[in-house]
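What follows is the residue order along each chain.
Number of protein chains: 2
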Amino acid sequence: MGEFELIARLCADLPQSRRTILGVGDDCAVLAASRHQQVITIDSMVEGVHFRLNWTTPEELGARALAVNLSDVAAMGATPTFCVINLAIRPGLEAAFFDQLYAGLRQTARNEQVDIVGGNITRADQFAITITLLGEAQAGIMRRDRARPGDHIYVTGTLGDAALGLRLLDRKVKARGAARDFLIDRFLRPTARIAAGRKRARIKPAPAAIDISDGLWQDLGHILERSGVGAEIELRAIPLSPAYCVVKGDDPELALTGGEDYELLFCTKAMFSNSALAKKLGVQVTRIGRIVATKGARLLDDGHPVADLTQRLSGWDQLRSVRK
Amino acid sequence: MGEFELIARLCADLPQSRRTILGVGDDCAVLAASRHQQVITIDSMVEGVHFRLNWTTPEELGARALAVNLSDVAAMGATPTFCVINLAIRPGLEAAFFDQLYAGLRQTARNEQVDIVGGNITRADQFAITITLLGEAQAGIMRRDRARPGDHIYVTGTLGDAALGLRLLDRKVKARGAARDFLIDRFLRPTARIAAGRKRARIKPAPAAIDISDGLWQDLGHILERSGVGAEIELRAIPLSPAYCVVKGDDPELALTGGEDYELLFCTKAMFSNSALAKKLGVQVTRIGRIVATKGARLLDDGHPVADLTQRLSGWDQLRSVRK
Chain A
1 MGEFELIARL CADLPQSRRT ILGVGDDCAV LAASRHQQVI TIDSMVEGVH
51 FRLNWTTPEE LGARALAVNL SDVAAMGATP TFCVINLAIR PGLEAAFFDQ
101 LYAGLRQTAR NEQVDIVGGN ITRADQFAIT ITLLGEAQAG IMRRDRARPG
151 DHIYVTGTLG DAALGLRLLD RKVKARGAAR DFLIDRFLRP TARIAAGRKR
201 ARIKPAPAAI DISDGLWQDL GHILERSGVG AEIELRAIPL SPAYCVVKGD
251 DPELALTGGE DYELLFCTKA MFSNSALAKK LGVQVTRIGR IVATKGARLL
301 DDGHPVADLT QRLSGWDQLR SVRK
Chain B
1 MGEFELIARL CADLPQSRRT ILGVGDDCAV LAASRHQQVI TIDSMVEGVH
51 FRLNWTTPEE LGARALAVNL SDVAAMGATP TFCVINLAIR PGLEAAFFDQ
101 LYAGLRQTAR NEQVDIVGGN ITRADQFAIT ITLLGEAQAG IMRRDRARPG
151 DHIYVTGTLG DAALGLRLLD RKVKARGAAR DFLIDRFLRP TARIAAGRKR
201 ARIKPAPAAI DISDGLWQDL GHILERSGVG AEIELRAIPL SPAYCVVKGD
251 DPELALTGGE DYELLFCTKA MFSNSALAKK LGVQVTRIGR IVATKGARLL
301 DDGHPVADLT QRLSGWDQLR SVRK
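Chain order of the listed sequences is A and B. The opening position of the first sequence corresponds to residue 1 in our numbering, with each subsequent residue numbered one higher. The opening position of the second sequence corresponds to residue 1 in our numbering, with each subsequent residue numbered one higher.
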């Protein structure tokens with residue numbers, strides 16, 4: 001099957017909203033005008049780098065490829081609208097595989113009311129999915145460069161679960177039963193916090209925000225760098241899931257460094273309790289620290305500096321950048 | 001150098017218009033609202049599939065990667081506005097290579113007033129550039145499905161040059177001097193017909209149109225299929241460059257089948273002579289045939305059917321799809 005036939009097959013009868021004037025099948029898709037500001041992001045998942053096919057079903061992979069982009073739009077407080085998808089396909093993958101991949105993509109797109117309006121297929125030696133996602137900023141925009149000293153730092157959900165799930169799949173860590181299933185599910189089927197991001201952006205002033213894709217420590221670092229501030233993080237406040245604690249006890253290190261949770265981190269003046277904020281956003285929210293004027297991130301244990309772990313994490317972060 | 005450092009380096013001080021509210025460096029870029037319909041396209045170039053690094057400078061490669069997308073926007077009659085770029089980088093490519101690649105991208109973006117608003121870098125075994133380009137439809141939209149019996153078929157520029165240039169680089173064909181330089185240049189440095197496309201879209205009614213990326217025969221086929229019509233093409237009318245004729249004489253077969261010229265094909269009622277239309281669009285324009293009700297494309301030589309070449313091309317087209 002040629003690339004043209006495959007894309008025609010995958011994109012047949014894509015569900016589309018009235019915002020899509022012309023979908024797949026022309027030189028470009030045509031999108032209705034909008035009076036809102038737009039957001040745009042591009043992300044790519046490469047076989048052997050970001051996933052292995054024996055870890056995941058094609059449906060999960062398709063859903064995850066879109067979720068990773070949805071999380072970027074969630075972090076801006078925007079509503080996802082349109083996406084275009086580039087598949088680099090290698091020999092050995094059959095049409096049925098792509099049907100299933102697209103079934104996952106379609107389902108996630110449908111759930112989040114995203115129109116898939118463009119597709120392109122190219123041959124390659126390595127399988128990769130690259131997605132560009134657009135969104136509409138209907139309320140405020142949450143940016144990385146808006147954190148100010150005195151802001152409190154919040155995260156949604158629990159952290160470190162996906163990193164543990166990946167280590168379970170990779171057989172670097174062992175667990176069984178419900179904890180194992182929960183952690184692997186958190187890695188393979190992340191949920192972008194779109195509704196929570198949008199709801200938070202509507203409460204003025206819009207906070208600084210980022211999605212936690214590379215790990216709390218590294219993503220917090222992006223906020224601090226862009227905002228020109230520092231942070232103090234209370235180790236014991238970092239939200240850990242019961243499944244995480246089954247495997248790791250109360251050691252928060254992987255929750256600090258592990259990526260792929262796709263939770264949101266935001267920094268804002270204290271206006272609500274954790275529980276009041278959770279109710280407003282429809283998701284667990286935990287205050288984990290505060291923004292300070294002195295640059296750099298520091299860990300605290302019950303208010304006291306934890307110099308050794310702070311130093312190790314900072315070294316790890318820089319080392320990681322060099323190695324990559 | 002890590003992916004994050006490389007993207008920061010490549011995207012430093014990108015020229016941006018006032019339409020860009022927030023560029024590279026956050027979870028998403030933020031784009032100003034627009035009262036126009038938008039167009040969007042995604043395309044990818046993979047090393048070893050679409051290009052070889054010993055054929056081309058990194059600057060040319062960057063410029064070409066964007067030009068391929070610009071051509072899709074040109075074919076809609078739209079004005080390009082924003083792009084986001086995904087680089088899959090393999091071991092062995094140095095930072096200086098990417099600096100030069102981005103120099104080519106930046107220059108083309110600047111020439112066409114496109115803002116580069118997003119970048120992503122991922123590791124891979126194979127180098128690839130994937131670009132999503134947005135555009136604004138300020139006048140009419142040119143679609144593939146609007147060709148009607150009685151329409152005349154026009155192409156811009158000359159055809160087959162890029163395919164000959166590729167064969168020269170590949171040493172499948174020989175030529176020297178100015179003809180060689182011209183043909184290779186047409187392959188390595190294509191110019192998207194943005195101004196011509198936009199100007200043509202402004203003349204009502206907007207014609208059916210497509211860009212000639214896969215070859216006249218195949219791209220005409222897309223127009224015919226989407227519009228549910230057929231075409232008669234006058235062999236002797238197909239515009240050949242002097243350089244093409246130096247190598248191929250008056251044999252138009254490669255001009256019919258060879259891709260990558262990035263000229264425009266459009267179908268519309270006869271309103272102007274070739275020369276009047278050329279003057280309006282600012283580019284050479286040639287009438288090469290007409291749309292008919294009977295499906296399929298047929299070649300004519302001075303009005304008489306050329307059944308053998310027609311049959312060969314149709315067979316070639318189908319074979320190509322199966323082989324790919």
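Keep in mind that the hints are not guaranteed to be accurate.
Remember, identical chains collapse to one label, so a pair may be satisfied in a single copy or spanning two.
In silico lysine to aspartate or glutamate, DMTMM-like type, Cα no more than 25 Å apart, as pairs [as the list claims (entries may be wrong)]:
hint	residue 1	residue 2
1	Lys280	Asp250
2	Lys199	Asp145
3	Lys295	Glu5
Don't read these hints as lab results, they were simulated from the structure.
Here's how the hints hold up against the structure:
In this assembly of identical chains, the alpha carbons of Lys280 and Asp250 never lie at most 25 Å apart, being 28 Å within a copy and 73 Å across copies at closest. When the C-alpha separation of Lys199 and Asp145 is checked against a cutoff of 25 Å, the pair qualifies only within one copy, where the shortest distance is 20 Å, while the shortest distance between copies is 41 Å. Taking the closest pair of Cα atoms, Lys295 and Glu5 come within 25 Å of each other only across two copies (19 Å); inside a single copy the shortest separation is 54 Å, beyond that limit.
When the structure is compared with the earlier hints, a violation turns up for hint 1 alone.
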